[in-house]
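Q: Take a look at the letters that make up each chain.
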Amino acid sequence: MKLGIVVLEGPYQHEAADTAYNFAKAALEKGHEIFRIFFYHDGVNNATRLMVPPQDDRHIQQRWSELAEKHNLDLVVCIAAAQRRGLLDENEMKRQGKDAHNIAPGFRISGLGQLIEAGVQCDRLVVFGD
Amino acid sequence: MSVVKKFLYVNRKAPHGTIYALESLEVVLIGAAYEQDVALAFLDDGVFQLVKGWDTSELGAKNFQPAYTALGDYDVKTVYVERESLEERGLSEDDLIEMTYEDEDDDFKEKSSVHIVSREEMAKIMAEADVILSF
Amino acid sequence: MATLHTVNKSPYERNTLESCLKHVRSGDTVLLIEDGVYAAIKGGRAAELLAAAEGVKIAALSADLKARGIGKDKMVDGIAVVDYGGFVDLVEANDRVQAWL
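As they're listed, the protein sequences go chains A, B and C. When we follow the numbering used here, the leftmost residue of the first sequence carries the number 32, and every step to the right adds one. When we follow the numbering used here, the leftmost residue of the second sequence carries the number 16, and every step to the right adds one. When we follow the numbering used here, the leftmost residue of the third sequence carries the number 562, and every step to the right adds one.
Simulated from the structure, these hints should not be mistaken for lab results. Every residue, glycine too, gets a C-beta built ideally from N, C-alpha and C. Check before you lean on any hint, since a few could be wrong.
Stated by the list, open to error - Residues from chain C that keep clear of chain B, each with C-beta distances beyond 12 Å, as calculated:
(1) 562
(2) 563
(3) 604
(4) 635
(5) 660
(6) 662
Unchecked claim - Calculated pairs, DSS-like style, for lysine-lysine (alpha carbon to alpha carbon, straight line, at most 30 Å):
(7) 583(C) to 20(B)
(8) 124(B) to 139(B)
(9) 129(A) to 618(C)
(10) 583(C) to 67(B)
(11) 583(C) to 21(B)
(12) 627(C) to 21(B)
(13) 618(C) to 33(A)
Unchecked claim - Beta-carbon label-pair distances, calculated as ranges:
(14) 88(A) to 123(B): 44 to 52 Å
(15) 108(B) to 629(C): 39 to 47 Å
(16) 152(A) to 74(B): 49 to 57 Å
(17) 86(A) to 74(B): 40 to 48 Å
(18) 44(A) to 641(C): 23 to 31 Å
(19) 152(A) to 73(B): 41 to 49 Å
(20) 75(B) to 44(A): 23 to 31 Å
(21) 152(A) to 69(B): 31 to 39 Å
(22) 654(C) to 43(A): 29 to 37 Å
(23) 628(C) to 102(B): 47 to 55 Å
(24) 609(C) to 74(B): 55 to 63 Å
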């Protein structure tokens, strides 16, 4: 199965990011392909490199980055939602004249078209939100 | 994109209280460029998005209601609104904004995109979609 | 052509389960996840909603039941408990997934 996953909520605030991650992991363990994981609404907050959660709990950004690296996943953060919420990569930082960027490794900023493309290309699109 | 799928955007939340209505609309507008078979569904509190006459000036937030009326220009010709959801909320079709499109197969005549459907019909519409996006 | 419906909020907080069940079709599956698993507790009003759903399979995610201390003894009969792997299998077995948020 070629899967598309959509994460609509931020880390810790809602369980969506956890369910999506655990689902993605299980799908990969079963040998399925994850075409793309698309982060929208507050879901873009999963991508901040500046996340410092308590040591004795899961590190939501880090495990996304690790999963992406291990399985060569395409983690896409919607540019419009990211701009609203202050998630910038280096390019955006320069474009917008800001003094910092904060996207974590493994994530890339792109347009909403990537979500539509996932819907078109995948066998199933699974949405995790609130 | 040579593959064309039936996309159904499901709207079940009221506007303004949360961002879902606005940002899901943005997906529809951007999505137009991908030439898929798009329909929108409004049910439960989603029908509140279509109540006409928004004035967001005192709230101090952008009035994005014009984006709904412009959907016809973005290849959206089919908007399903659930009758029971309207009735349960004390609304009727008269309370809703007009959404139209120009029918290129009929001399570009302006036609309504809105279809008021029953809950049962809505269930059938959902069952026929290839991709369902909920926000 | 069947749909896997996911319901992630408690039926006592939101009307998503109720609305979902009003739109399901025979052969569909409803998977309770996150706070949605609270619907599975027997004796609750939501249990009646589930019982009335004809022709629809009900499943619940084990991780969320366990996290909330809901053991088999507290659950309504006839609900299939699945793990994340089972969730993946359900996605594959159905033609589309609809998230009721």
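Q: For every hint, state whether the structure bears it out.
A: Hints, one by one, checked against the model:
Listed as outside the interface, residue 562(C) is inconsistent with that label: its C-beta sits roughly 6 Å from the nearest C-beta of chain B, within the 12 Å cut-off. Consistency note on residue 563(C): stated as away from chain B, yet its beta-carbon is not over 12 Å from all of that chain's, at 8 Å minimum. Every Cβ of chain B is farther than 12 Å from the Cβ of residue 604(C); the closest lies at roughly 27 Å, confirming the non-interface assignment. Every beta carbon of chain B lies more than 12 Å from that of residue 635(C), the smallest distance being close to 29 Å; the non-interface claim holds.
Chain B draws residue 660(C) into its interface by the beta-carbon criterion, the shortest separation being 5 Å against a cut-off of 12 Å. A cut-off of 12 Å between C-beta atoms contradicts the statement that residue 662(C) is not in contact with chain B; the least separation is 5 Å. Only pairs whose Cα atoms come within 30 Å are accepted, and residue 583(C) paired with residue 20(B) is accepted, the gap being roughly 25 Å. In summary, the hint linking residue 124(B) to residue 139(B) is supported, as the alpha carbons are separated by about 29 Å, within the 30 Å threshold.
Simply put, residue 129(A) and residue 618(C) have alpha-carbon atoms about 52 Å apart, too far for the 30 Å limit, and the pair is violated. Of the pairs offered as hints, the one joining residue 583(C) and residue 67(B) holds, with about 27 Å between alpha carbons and a cut-off of 30 Å not exceeded. Restraint check: the Cα-Cα separation between residue 583(C) and residue 21(B) comes to about 22 Å, which is no more than 30 Å; the hinted pair holds. Straight-line distance between C-alpha atoms of residue 627(C) and residue 21(B) comes to about 37 Å, which puts the hinted pair past the 30 Å bound.
Our distance criterion of 30 Å between C-alpha atoms is met by residue 618(C) and residue 33(A), whose separation comes to about 24 Å. Between residue 88(A) and residue 123(B) the beta carbon distance is about 59 Å. The supplied range of 44 to 52 Å is therefore violated. Checked against the hint of 39 to 47 Å, the pair residue 108(B) and residue 629(C) passes, with Cβ atoms roughly 42 Å apart. A hinted range of 49 to 57 Å for the beta carbons of residue 152(A) and residue 74(B) is inconsistent with their spacing of about 39 Å.
The beta-carbon spacing between residue 86(A) and residue 74(B), approximately 42 Å, falls within the hinted interval of 40 to 48 Å. At about 30 Å, the beta-carbon gap between residue 44(A) and residue 641(C) stays in the expected band of 23 to 31 Å. For residue 152(A) and residue 73(B), the hinted distance range of 41 to 49 Å is satisfied, since their beta carbons lie about 44 Å from each other. The hinted range of 23 to 31 Å is satisfied by residue 75(B) and residue 44(A), whose Cβ atoms lie roughly 24 Å apart.
The given range of 31 to 39 Å is respected by residue 152(A) and residue 69(B), whose C-beta atoms sit roughly 36 Å from each other. Checking the proposed 29 to 37 Å range against residue 654(C) and residue 43(A) shows it holds: the Cβ atoms sit about 32 Å from each other. The hinted window of 47 to 55 Å between residue 628(C) and residue 102(B) is violated, with their beta carbons roughly 38 Å apart. For residue 609(C) paired with residue 74(B), a C-beta distance near 40 Å fails the hint of 55 to 63 Å.
When held up to the earlier numbered hints, the structure conflicts with 1, 2, 5, 6, 9, 12, 14, 16, 23 and 24 and fits the remainder.
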